[in-house]
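Undergrad: From first to last, the protein sequence lines stand for chains H and E. Per the numbering used here, residue 1 is the first one in the first sequence, and the count goes up by one each step. Per the numbering used here, residue 1001 is the first one in the second sequence, and the count goes up by one each step.
Simulated from the structure, these hints should not be mistaken for laboratory data. Wrong hints could be hidden among the right ones.
Unchecked claim - Only pairs whose alpha carbons sit at most 27 Å apart, straight line, appear in this in silico DSSO-like list of lysine-lysine:
| # | chain 1 | residue 1 | chain 2 | residue 2 |
| --- | --- | --- | --- | --- |
| 1 | H | Lys42 | E | Lys1042 |
| 2 | H | Lys80 | E | Lys1080 |
| 3 | E | Lys1188 | E | Lys1080 |
| 4 | H | Lys123 | E | Lys1042 |
Number of protein chains: 2
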Amino acid sequence: MSLPTLSHGEFELVYNMLSLAIAAMFGSFVFFVIARNQLTHKYRPALIMSSLVVGIAGYHYWRIFNSWEAAFTLTEGVYKPSGTPFNDAYRYVDWLLTVPLLVAELIAVLALTRAVRGPMMAKLTVAAVIMIATGYPGEISSDNTTRGIWGFVSTIPFAYILYVLWVQLGKATADAAPRVQKLLGDTKLLLLATWGFYPIAYLMPQLGVEAGSATVALQVGYSIADILAKCGYGFMIYAIAQAKMEAEGASVSNDVAAEATA
Amino acid sequence: MSLPTLSHGEFELVYNMLSLAIAAMFGSFVFFVIARNQLTHKYRPALIMSSLVVGIAGYHYWRIFNSWEAAFTLTEGVYKPSGTPFNDAYRYVDWLLTVPLLVAELIAVLALTRAVRGPMMAKLTVAAVIMIATGYPGEISSDNTTRGIWGFVSTIPFAYILYVLWVQLGKATADAAPRVQKLLGDTKLLLLATWGFYPIAYLMPQLGVEAGSATVALQVGYSIADILAKCGYGFMIYAIAQAKMEAEGASVSNDVAAEATA
């Protein structure tokens, strides 16, 4: 992708948004690492996964930030491409690692039996990897037909993930407490809303948006979507775990006693 | 090893693969450090070793990434050698430290008696060090005969490691629970498949692969093999520990009580 010339404001908007993402990711990382001890043992794997997601994303935003800074030079009041390529692949590498973890943490927090959990995690992980891997050839292509074909292929596993989460997971959690049901519904809507942004961003070049605005909109949009889909989603997972503990009358303090007599 | 000129895509593929390895290693590091508390005390040493392996590897991938970036300059759309040498020795230094730990973590997770465990760890560690140390003189040689001789010498301790793990370890774990046996078998297969890649990569120059493609294939192949052999293998070790805990009816919460009465 050849970079456009950006105004001072355009360059800075992306620059500051990337820095906001770094702060949000590492801030959430610290929260998830520490806050897992507020939960009983069976809910901690979900928080561990949340912390991996935002830790890995924080690393990638650090790289994207540095790459963005190196890709432009301030010349006569505008930011011109410096010749150093801007490496957008960091996002795809990040998603390849974090998207399977995001679906896994939703399964993990439900603490289903191994027989239900195992196959569901396997299906979702494979679908997530296929979704990301088939999206990338389209993303790096400047040909709209190629973009369209890979975009379509990538939508199939996406639809499958939604089906598993809504239909199959719905059945497996039908007897959960009302508050848990409510939070679970909200979390799935958050996932749908944030993940739904990525295909829109992906389609932007097809929609004929002007190069400078498109680049800025894409970077800002991806950053906001990532913060909501990773940090926000992780906080929802934490809330679900707490609601489930409450419904069970469990507490960290009596975790020892409860499990010992189980 | 003199470096070839690489296309934009070739350079970036290695670049992104090295960054993926950094993210995978440090992500796994966080996981192993935190997740050891999900296990009873006797399985934690295995997770501690896993975290050392990926922590050390993450450091080395960071160095390799920087070395790769410094070794090339973007000139007229292609990546030409910059004159700064690419330091491949990082990989061997890494293996010298991590390979003995990898075999040790498999022994550690089995929680064998000290009488069985001690000599087995000693034999495997010595064999692993000899394997790496004798591979290196071949790796840095551009003479195919020298490569062949050192490659052969290095294969002897490799074969010995496989013998100890398959035959001797098989006897020591014959009475484990079926799920543990299954996971243990899978882990040994993962080890064989990933470790088996290194000699193939090593032989690539002998096979007369074109310089640019060989360099890219080698770096990408080593990175994938390392991610599977370190992170993936570590996750298998974690799964074995959990399966063993389940077979024993043990939980973290009653670990204290159980150990106190033991």
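Undergrad: Does the structure keep Lys80 of chain H and Lys1080 of chain E at a Cα separation of 27 Å or less?
TA: holds (24 Å)
Undergrad: If you draw a straight line from the CA of Lys42 of chain H to the CA of Lys1042 of chain E, is it 27 Å or shorter?
TA: Satisfied, since the Cα-Cα distance of roughly 19 Å is no more than 27 Å.
Undergrad: Within 27 Å, alpha carbon to alpha carbon, are Lys123 of chain H and Lys1042 of chain E?
TA: Distance ~33 Å between Lys123 of chain H and Lys1042 of chain E Cα, so the pair is violated.
Undergrad: Do the alpha carbons of Lys1188 of chain E and Lys1080 of chain E lie within 27 Å of each other, as the hint requires?
TA: Violated: Lys1188 of chain E and Lys1080 of chain E sit about 41 Å apart, past 27 Å.
Comparing the model with each earlier hint shows violations of hints 3 and 4; every other hint is respected.
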